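J.: From first to last, the protein sequence lines are chains A and B. If you count by numbering that gives the first Met the number 0, then the first sequence holds residues 0 to 122, one letter each, in order. If you count by numbering that gives the first Met the number 0, then the second sequence holds residues 0 to 229, one letter each, in order.
Just so you know, these hints were derived from the structure itself, not from any lab. None of the values given here were measured: they were computed from a predicted structure. Warning: the hint list may mix true and false statements.
Cut-off 25 Å, straight-line C-alpha distance, at most; resulting in silico cross-link-like pairs (DMTMM-like, lysine to aspartate or glutamate) [what the hints assert, rightly or not]:
hint	chain 1	residue 1	chain 2	residue 2
1	A	100	A	114
2	B	111	A	73
3	A	27	B	9
4	A	121	A	15
One-letter residues, chain by chain:
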Amino acid sequence: MNTSIQDIADLSEFQEDNCKKFVDRIIKTNREVFMMSSLIEKQMCGYDLIKEIFSKCDVFLSQGTVYPVLYTLEGEGLLHAEYSKGDMRSKNYSLTLKGRKIAEKDIDDFSRALEQVSLLLKR
Amino acid sequence: MLKNTISGLDKILFDDIPKGSVILVTGAEGTLKSGLVFSMMANYISANDEHGLYVTLEQNIESHLRNMNSLGIREERGLHIFDYRDMRLEWMDSELDLIKTTEEVIDSYKEKYDNLTLFALDSLNALYSISDQENMRSKIYNFFSHLRDEELTSFLIMESAQSRISGQFSSSHQVEHFLADGTIELGMIEGSGGVKRYIQILKMRATKHAMEKHQIIISDKGLNILGPIY
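Sequences are here, hints too, so could you generate the full structure?
T.: What follows is the structure in C-alpha cells.
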C-alpha cells in the first residue's frame with residue numbers, strides 16, 4: 000500500500016492534535032499545580048493567571064475553573080490576596096510561606112509522576 | 000434532615016425534601032429569601048459531615064455574611080460562599096457565560112469536596128440579567144439537569160412580584176416553576192396586627208407539606224416559623 004504525502008501530513012496533524020488533547024486534559028485536571036507554579040514567579044490576579052497559562056501552555060482554563068481554586072487555596076491559607084494600591088479591580092494572589100512549600104513539593108511530585116507514567120508507557 | 004434545620008419548619012414540611020431536588024425560593028425583596036436558604040444550609044452542614052456551596056451574584060461575601068449575622072445566622076466552615084465580584088471586575092460581562100461558569104464553579108467545588116450535597120444560587124434574576132438571552136429556556140433546562148446530575152439539593156432564589164394573580168406566576172418565570180421540584184414562597188401580609196412575613200410551600204414533589212401561609216419571624220436564635228397566619 001502506497002502512503003501519500005497527504006496521508007503522512009494527515010497522520011502528523013492527527014498526532015499533534017491528539018498530543019494537544021492529552022496536554023490540555025493533564026493541565027485542566029491538575030490546574031492547581033500549574034496555577035501555583037505560575038504564582039511562584041510573581042503575584043497575579045485570576046485574569047493574569049488565565050492569560051499566563053494560555054500563553055505558556057496554549058491551554059485556556061475557564062474562569063469557572065480558576066476562581067474557585069484561588070478562593071479555596073486562599074481559604075486554606077496557601078494564598079494571600081490583596082487589592083493593588085489604588086486599584087480595587089484586581090485582587091492579586093501570592094503564595095504564603097506554607098503555600099510556597101506545598102507548591103514546590105506538588106511540582107516535584109507531579110513531575111516525578113509524569114516521568115513514571117512515561118516510563119510505564121514505554122515498557 | 001433539612002426539615003429540622005429551622006425552628007418550626009416541620010410545621011409546614013412533614014417529610015424531608017428528597018435529595019437532589021431543585022427548589023425555587025421566591026418572593027419580593029426583604030422577605031428573607033437569602034436568610035431562609037443560608038440558614039437551612041448552615042444548620043444542615045453544622046449537623047452533618049457534608050459541604051454546601053452558596054453562590055451569590057447579588058452581593059459580595061463580606062456583605063452577605065454581614066446580613067446573615069444581623070439575622071442571627073452564623074457562618075459554617077463547610078458552607079462555601081462564592082461571589083462573582085472579582086471575576087466581574089476583571090472580565091467584561093460579554094466574556095463570561097455565567098450559566099456555564101456557574102456549572103464549572105459547582106464542578107470545581109464538587110471535585111474538591113466529594114460530599115458537596117447542597118447548592119444555592121442567589122439569584123436567578125441576577126444570573127438572567129447578565130446572561131446572553133439567546134436560547135435561555137434551553138440553557139435553564141440544561142442548568143437544572145446539571146444540578147440533578149450532580150445530585151445536589153439545590154435552592155434557586157428568585158425575586159418575584161409580591162402577589163400572584165389568580166394563582167398564576169408571571170409568564171416570564173413559568174419555565175422555572177414547571178421545571179423545579181418544589182417552590183417555597185416568602186412574602187408579607189398587612190393585617191390588623193401590622194405587617195407579617197409569611198412562608199408557604201406551593202409545591203414539593205414527593206413530600207407531604209402544609210398548604211397554609213405560616214408566619215416567619217427573626218428571633219435572637221435565627222429564623223423561626225410560627226403557626227398559620229389566618
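J.: Compare the structure with each hint and give your call.
T.: How the hints compare with the structure:
1. A:100 with A:114: holds (21 Å)
2. B:111 with A:73: holds (14 Å)
3. A:27 with B:9: violated (44 Å)
4. A:121 with A:15: holds (19 Å)
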